[in-house]
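Participant: Chain by chain, the residues:
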Amino acid sequence: MIAANKMFRRTEPYILLAIIALSILIQIQSGQFYSGNNLVDLARSMIVPALFSAGCMMVIISGGIDVSFTAIGSLAMFITDKYLLSINYSGPVIVSYLMSAALGLLMGAINGFFIGILQLPTLVVTLGTASLFTGIMYGAFAASASDVPPAIAAHGKSILFTATNAQTGLSSNMPMQIFILVGVLLLVFFLLRYTMLGRGIYAIGGDENAAERAGFNVKGIKFFLYCFVGALAGITGIVRISMMAYADPSTMLGMELIVIAAVVLGGTRVTGGSGTLIGTLLGVLLMTILSNSLILIGISTYWSRVFTGSVIIIGTAVSAYRTKLKR
Amino acid sequence: MKTSVLAGSSLENRSNIRRLIIILLFVTVLMTIVRPSQFPTISNFNSMMRQFPEYGIMAIGISLTMITGGIDLGVVGTANLSAILAAKFLISLMKSGVSAEAIAPYIVLAILMSITTGLVCGAFAGFLIARLNIPPILATLGTQQLFTGIAIGITNGRPQSGLPLLYSSIGNYQFFNLIPVSFVIFLLVALGAGFLLSRTRLGFQMYMLGTNSRASWYAGLNNSSIIVRTYMMSGFLSSLAGLIMMARANSAKAEYGTPYTLQCVLIAVLGGIDPNGGAGTITGVAIAILILQFLSSGLNMFNSISNFYRDVIWGGVLLLVLMINKFNVWNGKVRGNP
Chain A
1 MIAANKMFRR
11 TEPYILLAII
21 ALSILIQIQS
31 GQFYSGNNLV
41 DLARSMIVPA
51 LFSAGCMMVI
61 ISGGIDVSFT
71 AIGSLAMFIT
81 DKYLLSINYS
91 GPVIVSYLMS
101 AALGLLMGAI
111 NGFFIGILQL
121 PTLVVTLGTA
131 SLFTGIMYGA
141 FAASASDVPP
151 AIAAHGKSIL
161 FTATNAQTGL
171 SSNMPMQIFI
181 LVGVLLLVFF
191 LLRYTMLGRG
201 IYAIGGDENA
211 AERAGFNVKG
221 IKFFLYCFVG
231 ALAGITGIVR
241 ISMMAYADPS
251 TMLGMELIVI
261 AAVVLGGTRV
271 TGGSGTLIGT
281 LLGVLLMTIL
291 SNSLILIGIS
301 TYWSRVFTGS
311 VIIIGTAVSA
321 YRTKLKR
Chain B
1 MKTSVLAGSS
11 LENRSNIRRL
21 IIILLFVTVL
31 MTIVRPSQFP
41 TISNFNSMMR
51 QFPEYGIMAI
61 GISLTMITGG
71 IDLGVVGTAN
81 LSAILAAKFL
91 ISLMKSGVSA
101 EAIAPYIVLA
111 ILMSITTGLV
121 CGAFAGFLIA
131 RLNIPPILAT
141 LGTQQLFTGI
151 AIGITNGRPQ
161 SGLPLLYSSI
171 GNYQFFNLIP
181 VSFVIFLLVA
191 LGAGFLLSRT
201 RLGFQMYMLG
211 TNSRASWYAG
221 LNNSSIIVRT
231 YMMSGFLSSL
241 AGLIMMARAN
251 SAKAEYGTPY
261 TLQCVLIAVL
271 GGIDPNGGAG
281 TITGVAIAIL
291 ILQFLSSGLN
301 MFNSISNFYR
311 DVIWGGVLLL
321 VLMINKFNVW
331 NGKVRGNP
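Protein sequence lines correspond, in order, to chains A and B. Heads up: the first sequence runs through residues 1 to 327, numbered per the working numbering. Heads up: the second sequence runs through residues 1 to 338, numbered per the working numbering.
In isolation and in its complexed conformation, chain B is listed as follows (with noise of 0.2 Å):
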């Protein structure tokens, strides 16, 4: 698995990718067997496609972090707290009489203000794990608690609601009244993601330094400077996602979405990302999004199955996924010493 980067990647990663069509091509044969009036509906994959791109965005961050031999935990507490501050601008505008009309640019402001709040957010992710040497999975797990503190912190644990009209109707605008804008955005995301990876510097350098940091270390490549880009892109992709929150929730909340850290570890995981990095793409990951959205989705047509019990499928796939990769490990045929 440690090989992507080498001649055998394109094979391993083909036959990985196959694996999960077809995972996803029976789900959704299940689904719609079981629920057939149900499931393969146009409403159906409209209420889908309005519900993944919120953690499917942040999966793919976690994704890049994770391809880099590292991990973002503190991508949920990123995304409120950019929201939160973009809420609260908006909502102090609306409450000193800034008219309807006028807001327009006030969100695009509010906007920028969220983005920047993540791009800071993951520099300092970055900052704590490249130059302070905290390892990344106890560092993000303080930025989480941090980011959410403050969020907690500045809004007494309040959900911030009284948005102007205008966010939720840009938010939740769907284009021919079928391809929400959120999905757009994913599309957009999950391109630029497989474009870095596959086809510029840094993409390729990420590879190198979750192969083996030394040896990218040896050949030249500022360590540094790519893990803090890698954790700024995330927290971006983190803002993003909090973004679409706001617009879905029409408020923003210091808790919300707390259980999509596990649920976008799990898509990674399942997408074919080693979670000791080097390895992995973003066609798997959005493939791997697909599948537990449906999954997902279709468990809902169930009313007599309780909500806990998609945690008991979640960590009991996370654990199946892990194990069927590893002994794919052994019997492969692309074997890279780690």
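The shape of chain A in the complex, shown without the other chains (with noise of 0.2 Å):
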């Protein structure tokens, strides 16, 4: 009794519930969602926002929001694409990824200069980073869709299993990125979890001053977050390029809203020191079958920002809620 108690008040169930509702509904209004494939794309789908969702997810509840990873995404792929091409270069994939998380990292270090060493409003310093990334992009390297590298190529088409509809004759690939994803994964798992820095990070969302009283140093650990979540962004980058296929700037630019959607959808709490990557890989879920499904069940993709609106408002309205609640 206690022990369901406790597992209601989490928000995870609630998720759950909210997806397996969605999906019925779609499935009985369009007979598509329990098929092979749908779920394979699904699962294709979420990898990109996954991805940052778990950086995004690290800083939210270390108390701050960040605008900017997808403009850091973007650029540290865009200059990894551009420089890679430029030299010709054959070699194994995994130097794009280390290339572009190295930029990634640098991106974030700059953040992490603002937010943690001076102490500045986490906001107003990563919309400020967004803008110069992006016009860095734009203007300095003129951006606009290039060809990716043969490495990043090959590895795009490189596919662990294929998922075929026998209805309506439709595949899908599972890609090998998928790997990366879960790697990532248990990488931040393991770093918020067994971690004396991970700790900090929700010790330091919870209450900034009763952190730096306990022993945590606060600075370092809000530089080494901002450093983290840009190199997981120059990672996320590659990993899109890959399954696309081809180099463009724009195709990140913009996603951030769902993704932090998708994370205080999950029950991370809005002002910091609690939230799960269980939670959070939810959220993106729900996120992703919205986005994904708005179509199959006769909703017009102009209104899809509405969705988008709405669930962020309600998600943080409930976590905002329950936070209270708590009090």
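Hints listed in this document are in silico derivations from the structure and should not be mistaken for laboratory results. Careful, some of the hints might be misleading.
[What the hints assert, rightly or not] Pulled a few chain A residues facing chain B out of the computed Cβ check, cut under 8 Å:
#1 Phe114
#2 Ser131
#3 Leu257
#4 Gly309
[What the hints assert, rightly or not] Calculated from the model, a selection of chain B residues having no Cβ within reach of chain A, i.e. all distances over 12 Å:
#5 Phe26
#6 Met113
#7 Thr116
All values reported here derive from a predicted model rather than from experimental measurement. We treat Cβ as the ideally placed atom computed from N, Cα and C, and that holds for glycine.
Two chains, two frames, some hints: make the complex.
Facilitator: Written as structure tokens, this is what we have:
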């Protein structure tokens, strides 16, 4: 009884219920939800937002908010792509990941400097850096859609398995990049759960002064956090272009809102201090189902932003209301 | 920076405004030197006066919310939604055959409709923040999506054009062929907001709330009511900006002016509004608007500079100003306890 009570005070069961309800609705409307290829498609479209959401969740847990990670991911992958193309790079794909992660880390360090070291408000800083990075991408590099180096293209073509829908004849491929997602999730899980750094991120989000007095190096942890999130965004950029097989600089811009919505929807407390990876993944799944399946249930794509907006508002309202109850 | 309503504040505000005026003079002199035939001309100043009111008014709206310790990221969405509703109303009247002479009262009606929309949008954001306790950043990120989404939904993302000629001729009217109507509206808004903040009870309460919401609550202030009224003012100002944009473009569009959000936050911070709330003046914001417009018009005079560099400059300036303000706090004379 107590266990059940405790379980339903968490957010995850409710999102799971929402997902099940939504999937049954779509199944009834279209008959296409529980088909192998649709599920693979869902997993496939979850990879990029889920990678972003892991970092975004850490930032929100720490009590901040980051709107620059898509800009970081885009610029990091774009420079990497251009550079590797210019030297006719033909080595292993890991180099592109490392390079993009390093560039992302550098850009994240700029966020970390302003937010962690100078203690400036996260939203205003990341609005500024997001504008800076997109401006550099379009201004200095005159970015436009371009090819990807052969290594990345080959990496994008490597497929784990293919699911074919017997009814419609459509088939979907599960890309290898799913392993990168799994790896990143494990790393973040380990970091948050078993390291002092991770506990520090929760502590800062709970109460920054208390964390400082408890002996956490608040500035250092924040600086690390934004570097880490930047590196993660760089990796995500390469995942994105390898799955698309071309480098479109605008492909990830604007995704930040959906990711933030997913994280908050997943039960991460909006004022910081609490949040789980499972909840975040469920949030991403719900957002992905919503955006992939609005057409399946007969809603025009013109209204999709109304859905994103409503989901952000409802999700944050529920989260804020629960925080209030706990006090 | 947290002591603006206390005795030391006027000193700090004055030094901030002095610094802003120096920057403004510097930009003016610089642009005059590098583009002597283009920058210091009447036609340039006239075109600048037509450009900045729309985002200037929204920047004042954002500043008001930032003074209370919040932020309104939904201003552009509110502006476009309210303009689109007015535009749809006027266009449908034109289609149903209302003559050009008889449309005047309907234009007044459309303007009232648009302002009401702005007030409702603002009240909604205020409700989310004050009653549901959603942090202002997330609440208004949500309302921005929601309002833009509704605007896209009801227009299928298409621009609404075919407005009555009378509307744009009023909106683009210039007194003495020099001073645009929109500039006069901006002046009235700036004076009104300045008066509100420095001379009224609500203005004082907004600073109190922004300095320390718990203390203001214990002092017996109705925090919820102050927040809702502040966001309604921001919504009202956004709808004015929407009406001006509609007149200038002679149409309304769901995604018009999207970069204005960042620009308005930048102006507010540059103008000395403390992002944590409780400090800043409209005079500072007004000078910041001029600085940004001078810079932006000046940059336009260089064909070789891509428009995208503007993003770099805005972002860079924002970070720089944040940093300068920060160090100024550390070295300054008046230190409040945050």
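Participant: Now, for every hint given, state plainly whether the structure supports it.
Facilitator: Verification of the hints:
The closest approach between the C-beta of phenylalanine 114/A and any C-beta of chain B is roughly 6 Å, which is under the 8 Å cut-off, so the hint is satisfied. With 8 Å as the threshold, the beta carbon of serine 131/A comes within range of chain B, its nearest partner Cβ sitting at about 3 Å, so the hint holds. A cut of 8 Å between beta carbons decides the hint on leucine 257/A: the least distance to chain B is about 6 Å, and the hint holds. With a least beta-carbon distance of about 3 Å to chain B, the hint placing glycine 309/A at the interface is held under the 8 Å criterion.
Against chain A, the non-interface label of phenylalanine 26/B holds: every CB pair exceeds 12 Å, the least being about 21 Å. No beta-carbon of chain A comes within 12 Å of the beta-carbon of methionine 113/B; the shortest separation is about 20 Å. Listed as a non-interface residue, threonine 116/B keeps its Cβ farther than 12 Å from every Cβ of chain A; the least gap is roughly 20 Å.
Comparing the model with each earlier hint shows no violations; every hint is respected.
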